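One letter stands for each residue in the lines below.
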Amino acid sequence: MISILIIEPAITTIIPFSHTYGLCTSSSSSTTTWEGTRRKPRAEFQEEKARVLSASLRHVPRLGWTEEAMMAGSRDVGVSPSIVGSFSSKEAALVEHFMDECLQLLLDRVDSGLDLQNLIPSERISKLIRVRLEMQVPYMSKWPQALSIQAHPVNVPTSFKQRAMLVDEIWHSVGDGASDIDWYVKRTVLGGVYSTTEIYMPTDDSPENRDTWAFLDGRVKDAFDLKKSIQEAKYFAQDIGAGVGKSFQGLMNGVMQTMSTRGGGSSSAF
Amino acid sequence: MHLTSRADSSLSLVSSSQGTNFAEAMALRSISRRFGSRVLSYRSSSVASLHSHATSFGFQQVKEEEKRKLVGNVFSNVASSYDIMNDVMSGGLHRLWKERLVGKLSPFAGMKHLDVAGGTGDVAFRIFDAVNSVKRRALRKVDEDSLEETQIYVCDINPNMLNVGKQRAAERGLGDNKSLVWVEGDAEALSFDDNSMDGYTIAFGIRNVTHIEKALAEAYRVLKRGGRFLCLELSHVDIPVFKDVYDLYSFKVIPNLGELIAGDRESYQYLVESIRRFPPQEKFATMIADAGFEKVEYENLVGGVVAIHSAIKL
Numbered sequence: 001m002i003s004i005l006i007i008e009p010a011i012t013t014i015i016p017f018s019h020t021y022g023l024c025t026s027s028s029s030s031t032t033t034w035e036g037t038r039r040k041p042r043a044e045f046q047e048e049k050a051r052v053l054s055a056s057l058r059h060v061p062r063l064g065w066t067e068e069a070m071m072a073g074s075r076d077v078g079v080s081p082s083i084v085g086s087f088s089s090k091e092a093a094l095v096e097h098f099m100d101e102c103l104q105l106l107l108d109r110v111d112s113g114l115d116l117q118n119l120i121p122s123e124r125i126s127k128l129i130r131v132r133l134e135m136q137v138p139y140m141s142k143w144p145q146a147l148s149i150q151a152h153p154v155n156v157p158t159s160f161k162q163r164a165m166l167v168d169e170i171w172h173s174v175g176d177g178a179s180d181i182d183w184y185v186k187r188t189v190l191g192g193v194y195s196t197t198e199i200y201m202p203t204d205d206s207p208e209n210r211d212t213w214a215f216l217d218g219r220v221k222d223a224f225d226l227k228k229s230i231q232e233a234k235y236f237a238q239d240i241g242a243g244v245g246k247s248f249q250g251l252m253n254g255v256m257q258t259m260s261t262r263g264g265g266s267s268s269a270f
Numbered sequence: 001m002h003l004t005s006r007a008d009s010s011l012s013l014v015s016s017s018q019g020t021n022f023a024e025a026m027a028l029r030s031i032s033r034r035f036g037s038r039v040l041s042y043r044s045s046s047v048a049s050l051h052s053h054a055t056s057f058g059f060q061q062v063k064e065e066e067k068r069k070l071v072g073n074v075f076s077n078v079a080s081s082y083d084i085m086n087d088v089m090s091g092g093l094h095r096l097w098k099e100r101l102v103g104k105l106s107p108f109a110g111m112k113h114l115d116v117a118g119g120t121g122d123v124a125f126r127i128f129d130a131v132n133s134v135k136r137r138a139l140r141k142v143d144e145d146s147l148e149e150t151q152i153y154v155c156d157i158n159p160n161m162l163n164v165g166k167q168r169a170a171e172r173g174l175g176d177n178k179s180l181v182w183v184e185g186d187a188e189a190l191s192f193d194d195n196s197m198d199g200y201t202i203a204f205g206i207r208n209v210t211h212i213e214k215a216l217a218e219a220y221r222v223l224k225r226g227g228r229f230l231c232l233e234l235s236h237v238d239i240p241v242f243k244d245v246y247d248l249y250s251f252k253v254i255p256n257l258g259e260l261i262a263g264d265r266e267s268y269q270y271l272v273e274s275i276r277r278f279p280p281q282e283k284f285a286t287m288i289a290d291a292g293f294e295k296v297e298y299e300n301l302v303g304g305v306v307a308i309h310s311a312i313k314l
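For the protein sequence lines, the chains are A and B, in the order given.
Numbering-wise, the first sequence is residues 1 to 270 according to UniProt numbering.
Numbering-wise, the second sequence is residues 1 to 314 according to UniProt numbering.
The set of hints was computed from the structure by calculation and includes no laboratory data.
Some hints could be false.
[Said to hold, decoys possible] A short list of chain A residues far from chain B (calculated; beta carbon distances all over 12 Å):
id, residue
1, 74
2, 96
3, 153
4, 174
5, 252
6, 258
[Said to hold, decoys possible] Label-pair distances were calculated between CB atoms; the ranges are:
id, chain 1, residue 1, chain 2, residue 2, range
7, A, 54, B, 194, 26 to 32 Å
8, B, 283, A, 200, 54 to 60 Å
9, A, 152, B, 133, 18 to 24 Å
10, B, 133, A, 134, 35 to 41 Å
11, B, 87, A, 58, 44 to 50 Å
12, A, 203, B, 179, 43 to 49 Å
13, B, 239, A, 156, 29 to 35 Å
14, A, 156, B, 283, 36 to 42 Å
15, B, 59, A, 156, 49 to 55 Å
16, B, 173, A, 196, 42 to 48 Å
17, A, 54, B, 99, 30 to 36 Å
18, A, 77, B, 283, 30 to 36 Å
The structure presented is a predicted model; accordingly, all values stated were derived computationally and were not measured.
Cβ coordinates follow ideal geometry from the N, Cα and C atoms, glycine included.
For reference, chain B alone in the conformation it holds in the complex (with noise of 0.2 Å):
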């Protein structure tokens, strides 16, 4: 696998405003109408799959203003029966792979944890759980440090989906454990100190995302120096016969369990395209390195259908 060198830094994919889109996908096929390169012509193909992340709802074409709308519509209809859904999509496996997330992360007791587009909590809850425990373990060493106190804050854009977190936080005794915060928030701009997190994680969400760079950008903010990023993401698969029988599942299958049990077709149909819109595992890869995060690595789960990107801020 190669990947053909980039274009200037200045023309660098990290744009932060609307308007330069156009003006960038404009410059950049002058640029490459002069030079003829190839080279470039796959950066303004990637640009242009960027900004077509930005006004992709799934296979359809909105305004970029419109999408964070349209997604938040299908988060708050999602909402109650998230999580069974994710259960019957996947199998059960979801829960695997976000214990594979959260053991990866190595929570520690004293951490300042973020967990983005978390709203039902599953991944909150299990650095909780791991915490504790890990606490109880280490108990015998006390260093005065890690006395400080454990923050895991849940960030999510829609409330229902918070709401939802706070009822199954009650349900487990933890209404009232100081060491959960739950906030309402948007990933590309959230309302963190920056330097101020040990750890970042999304699980899930960065798909739903208008802007990925912003996002990037932000988690690279928050952390502190040292601090992880851990993303886990539904991605794409390559293997041969495997692909095809994904594929097959995605949109046979998937919809239809949508409405059987959610009663919103749409919803998951959403879902299973915004997907195939991410970018590959290797281009978020370069798209958090860009971000300035060092060893940007990811690892694949079953054959690509799951990839768990990971990086530090330095």
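Bound conformation, chain A alone (with noise of 0.2 Å):
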């Protein structure tokens, strides 16, 4: 027995070096964006900006939705007011946080058992509107604010994708898994009813906003309707095509025939 002892090389890789640089390229035409050699990670400012928004909300209701309020959250988090400078999109950075910080809060309560089993789709949709909902009354009085920032050009992409998520997650919650043409019926509707109840918010004067949620429930259910009556008119459509479709087959054969009878023409159908 001849045992080959294989003898591998000893592969020193020596890495002299304990970070390397990323190069990211925004999107904006010259700005590039670079790593240094400490071991603070780059994530760092953007777990420092979440802690500044997130302190800045506790003065939102006094300062509105503005960079006063954010550079009162950075004194809060004892970092220098200057970094508030450095957002890119300033007063749509704390509407956007706020958003995102709502929709987990929502996602949260829904994991942590929020009572759905009992309920029929359009009582849980109610009900998930009106918890989303209720984490914006502190700051009702500035509400239409926050929308007035959102409906700018600038920020739409965003605050459409962050409604639009928002709206996914709630179907979701209620426990639908549709995904035909239905899907975007069904968001869009839900969309309208969110918004249109989010508008009526901020004018409902009544105590804990009963008003509101009578709203909310009437326009769920109005939805309710529209989507049977939207079934309804899919299934007619689906019938007139039908009809439609028989009578081009008709003719198609109609053609056809005269074709063959008269006789010698090719019959290479078009």
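Make one complex out of these two single chains by using the hints.
As structure tokens, this is what we get:
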């Protein structure tokens, strides 16, 4: 027995550095960002920004969705207010952060056992929207300002995406798994219900926003009726389609017969 | 654009004393001989080019100790016509660049700001105006903390430049204003406390500093957590045809303008040469990151003729 000793060459990979440069090009024309050789990762800026924005929310009822609120928040966290100058979208950043936080909170509430089992779908939707809108109650005096910030053309892509995600998550929590054309209809309809209720809410003076919830229930009911009518419209369209299809087929058959009886014509169909 | 990997942090560029540069270069050359890698030779050339910044006065080679004196002479000579020359050389564009710098800074009431190498006060005055107009707007939202007084420190190594600045302040009626403080000092050894500034700007000044890393380290030291560093500087142009036009303008037109208007060709020759010797945008950005700053970014203006580098201390 010959034992073959395979001596592997000792491969020493000398990595004389502990950090590499990351080169990330942002989407704007000529702005580029670098990481240094320090141990603090770039993610720290994002974390710091999130901390400042969360702390700023406390000041919103008094100062509005403004830079002043963010500067007050940064002082709370122990960071110079200068950092606010580096946020790319200023007030929009604050509003968007709030929307993200609320969505996360909603999902946490759903996961930790919000009681949805005994409710029919329309009631589940009502409840979820209610839970979500109640998060905005402390900021209700300044909510119209937040809405106008979200409506700025510059901010519309992000706010649209956040609302689409919210609506998607609500349908998902309700237990909807559809993936056909219904998906778009459902999201649009629910988006409409949510938005109208959201806009109604700041005008509501009733104790504990009772009127808002009544309004919400009404809209949800309408939506479900609408859904039924849309379904009916779909069937109707299908029937018509079938009818038209039948007559087209009949026409074609007639033409073919005529051509073959005339005799001799090329049988290559069109 | 790909940056190759860096050497050991013990050979980091943030070396502080003059003597180590030579030792570093020797150490690096011996290491690169052993590994024979392209990577480390990039490093040694970068160390060499930085070493060369400290000993270059434009395209001339000078001793490190002398550079400071020579630069000092340049600015003593140009102080009185500095502003006019800026206007003529840049066609008035320098005003827009400074506006952009201050816009990026987003000054706020109650801020403590340091403008280094800001002798004649261009940037400082703009920050002052910005803060006061913001204050007027936000007067209805009085937050107790922001009633702290705004302080804008203008630091310059050259007393002649500072005098021009003080004169301009007096002309604007700000001669006695407590918010503007004129301080004579060296960017490499600032007399301010650690963690005392909300903002630090240096406009068209860092090119003239002997040891850039020292200036960056000082900037890092004086800034508070969350404080911002902004640097406006003439930089490198890479766009093909435009680069040649710019070079032609720099080397043929500007020294002649200097002679004509300021009566000083040499200083303006130094100016255009020192621009070429200054590290390019990416290199400077890595130097800023090495000093410890986060979120280092740069923005090119006029195709790279001017670049604004910004960063945050965290």
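Outcome of range test on Cβ distance (residue 54 of chain A, residue 99 of chain B; 30 to 36 Å): Roughly 33 Å apart at Cβ, these two residues keep to the hinted range, so it holds.
Assessment of proposed distance window 29 to 35 Å (beta carbons of residue 239 of chain B, residue 156 of chain A): This hint holds: roughly 34 Å between Cβ atoms.
Least C-beta distance from residue 174 of chain A to chain B larger than 12 Å: With a cut-off of 12 Å, residue 174 of chain A remains clear of chain B, as the shortest Cβ separation is near 41 Å.
Residue 283 of chain B and residue 156 of chain A - C-beta distance against the hinted 36 to 42 Å: At roughly 39 Å between Cβ atoms, residue 283 of chain B and residue 156 of chain A fall inside 36 to 42 Å, so the hint holds.
12 Å cut-off, C-beta based - residue 96 of chain A kept clear of every residue in chain B: 18 Å, holds
Range hint 49 to 55 Å (beta carbons of residue 59 of chain B and residue 156 of chain A) holds or violated: Holds, since residue 59 of chain B and residue 156 of chain A (Cβ atoms, about 53 Å apart) stay within the stated range.
Given as non-interface: residue 252 of chain A, which should sit over 12 Å from chain B by C-beta: Non-interface label stands for residue 252 of chain A: nearest chain B Cβ at 62 Å, farther than 12 Å.
C-beta pair residue 133 of chain B, residue 134 of chain A: status relative to the range 35 to 41 Å that was hinted: 40 Å Cβ-Cβ, so the 35 to 41 Å window holds.
Consistency of beta-carbon spacing, residue 283 of chain B to residue 77 of chain A, with hint 30 to 36 Å: Holds, at about 33 Å.
Hint check for residue 194 of chain B and residue 54 of chain A - Cβ pair distance inside 26 to 32 Å: 28 Å, holds
Residue 203 of chain A paired with residue 179 of chain B, Cβ distance criterion 43 to 49 Å: Cβ of residue 203 of chain A to Cβ of residue 179 of chain B: about 45 Å, so the range 43 to 49 Å holds.
Hint check for residue 200 of chain A and residue 283 of chain B - Cβ pair distance inside 54 to 60 Å: With a Cβ separation near 57 Å, residue 283 of chain B and residue 200 of chain A satisfy 54 to 60 Å, so the hint holds.
Violated hints, listed in ascending order, are 1 and 16; each of the other numbered hints is respected by the structure.
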